[in-house]
Amino acid sequence: ALNLRGKGNLLNLTKVASIIKYNLRESHDISKVLLCVDSECTDVSETRKEVAPKEESLRQSFPKVTLSYIIVDHSLEGWLLQDREAIQETLGRNSKLPQYGNPEENCRPAELMQDIFETNGSDYKKTVHVPRLAEQLNIETVARASQTFRIFQQAIKE
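Each residue of the sequence shown is one higher than the last, beginning at 1 in the numbering used here.
Check each hint, because a few of them may be wrong.
Straight-line C-alpha distance at most 16 Å; calculated EDC-like pairs for lysine to aspartate or glutamate [to be verified]:
#, residue 1, residue 2
1, K126, E111
2, K126, D115
3, K96, E118
4, K64, D123
5, K125, D115
6, K64, D29
7, K96, D123
8, K125, E140
9, K96, D83
10, K126, E140
11, K21, D38
12, K32, E118
13, K32, E50
14, K32, E56
15, K126, D29
16, K157, E135
17, K64, E85
18, K15, E55
Pairwise CB distance ranges (calculated) [stated by the list, open to error]:
#, residue 1, residue 2, range
19, E89, A52, 33 to 41 Å
20, A17, N94, 45 to 53 Å
21, S61, S122, 40 to 48 Å
22, E111, I156, 21 to 29 Å
23, N102, I156, 16 to 24 Å
24, T66, G101, 30 to 38 Å
25, E118, S45, 27 to 35 Å
26, E26, R108, 29 to 37 Å
What the hints contain is simulated information worked out from the structure, not anything from laboratory work.
Even for Gly, the Cβ is constructed at its ideal location relative to N, Cα and C.
Generate coordinates for the entire structure from the input sequences, incorporating the hints supplied.
Given below as structure tokens:
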């Protein structure tokens with residue numbers, strides 16, 4: 001898994017193509033590339049329209065690889081916040097979680113995550129906490145709540 005850090009980089013065909021090309025040279029057993037792009041306060045369907053021509057161009061450039069853009073509803077934290085138990089496990093059993101409804105309806109779920117961590121005397125650091133949360137995550141809980149996560153799951157299985 002590679003992190004290109006930022007929507008702009010994932011939409012830059014030159015950067016994405018060069019990274020794919022490099023990785024295919026380094027590892028000949030790559031058969032699938034999933035590019036997860038945050039919708040970042042934009043409707044998922046609008047982001048899908050934005051990436052569709054880029055996805056097609058990359059597919060033409062790399063015909064031997066299954067390649068898909070996966071749209072994340074606002075940001076990865078929208079998926080992670082679906083599992084309150086994982087958040088509680090990461091913060092500690094005595095942590096306090098506010099009621100926040102469906103985090104994918106919040107245009108900035110990363111800010112919500114930061115607020116929750118701050119309320120519990122901690123600072124949210126993606127590089128530290130995302131892997132911890134991912135390990136704790138109940139996949140079924142997230143899949144029940146998030147259509148974009150179900151699309152991601154299906155793309156992995158195909």
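Outcome of the hint check:
For the given pair, K126 sits about 11 Å from E111 by alpha-carbon distance, which is consistent with the 16 Å threshold. A distance of roughly 13 Å separates the Cα atoms of K126 and D115; the hinted pair therefore holds under the 16 Å criterion. Only pairs whose Cα atoms come within 16 Å are accepted, and K96 paired with E118 is accepted, the gap being roughly 11 Å. For a cut-off of 16 Å, the pair hint linking K64 to D123 is broken: about 43 Å separates their Cα positions.
Proximity of K125 to D115 is assessed by CA-CA distance (about 12 Å); at most 16 Å being required, the pair is judged to hold. Distance hint between K64 and D29 is fulfilled; the C-alpha atoms sit about 11 Å from each other, no more than 16 Å. Under the criterion of a C-alpha separation no larger than 16 Å, the hint pairing K96 with D123 is consistent with the structure, at around 15 Å. About 25 Å separates the Cα atoms of K125 and E140, which puts this hinted pair outside 16 Å; it is violated.
As the CA atoms of K96 and D83 are separated by approximately 14 Å, the hinted pair is consistent with the 16 Å bound. Restraint check for K126 and E140: not satisfied, since their Cα atoms lie roughly 22 Å apart, outside the 16 Å limit. The straight-line distance between the Cα atoms of K21 and D38 is roughly 23 Å, outside the 16 Å bound, and the hint therefore fails. For the hint linking K32 to E118, the alpha-carbon distance of about 38 Å lies beyond 16 Å, and the restraint is violated.
A C-alpha spacing of about 21 Å is found between K32 and E50, which places the hinted pair above 16 Å, so the restraint is violated. About 15 Å separates the Cα atoms of K32 and E56, which keeps this hinted pair within 16 Å; it holds. The suggested pairing of K126 with D29 is violated, with an alpha-carbon distance near 29 Å, which exceeds 16 Å. Restraint check for K157 and E135: not satisfied, since their Cα atoms lie roughly 19 Å apart, outside the 16 Å limit.
This hinted pair does not check out: K64 and E85 have alpha carbons roughly 40 Å apart, beyond 16 Å. Distance hint between K15 and E55 is fulfilled; the C-alpha atoms sit about 13 Å from each other, no more than 16 Å. Remark: the range hint 33 to 41 Å for E89 to A52 is upheld by a beta-carbon distance near 38 Å. About 48 Å separates the C-beta atoms of A17 and N94, a value consistent with the hinted range of 45 to 53 Å.
For S61 and S122, the hinted distance range of 40 to 48 Å is satisfied, since their beta carbons lie about 43 Å from each other. Range check, E111 to I156: about 28 Å between beta-carbon atoms, so the 21 to 29 Å window is met. N102 and I156 have their C-beta atoms about 23 Å apart, which keeps the hinted 16 to 24 Å range intact. Between T66 and G101 the C-beta distance comes to about 35 Å, which sits within the given range of 30 to 38 Å.
In this structure the supplied range 27 to 35 Å holds for E118 paired with S45, their Cβ-Cβ distance being about 33 Å. Range check, E26 to R108: Cβ separation about 36 Å, and the 29 to 37 Å hint holds.
The structure does not agree with the numbered hints 4, 8, 10, 11, 12, 13, 15, 16 and 17 stated previously, though it agrees with the rest.
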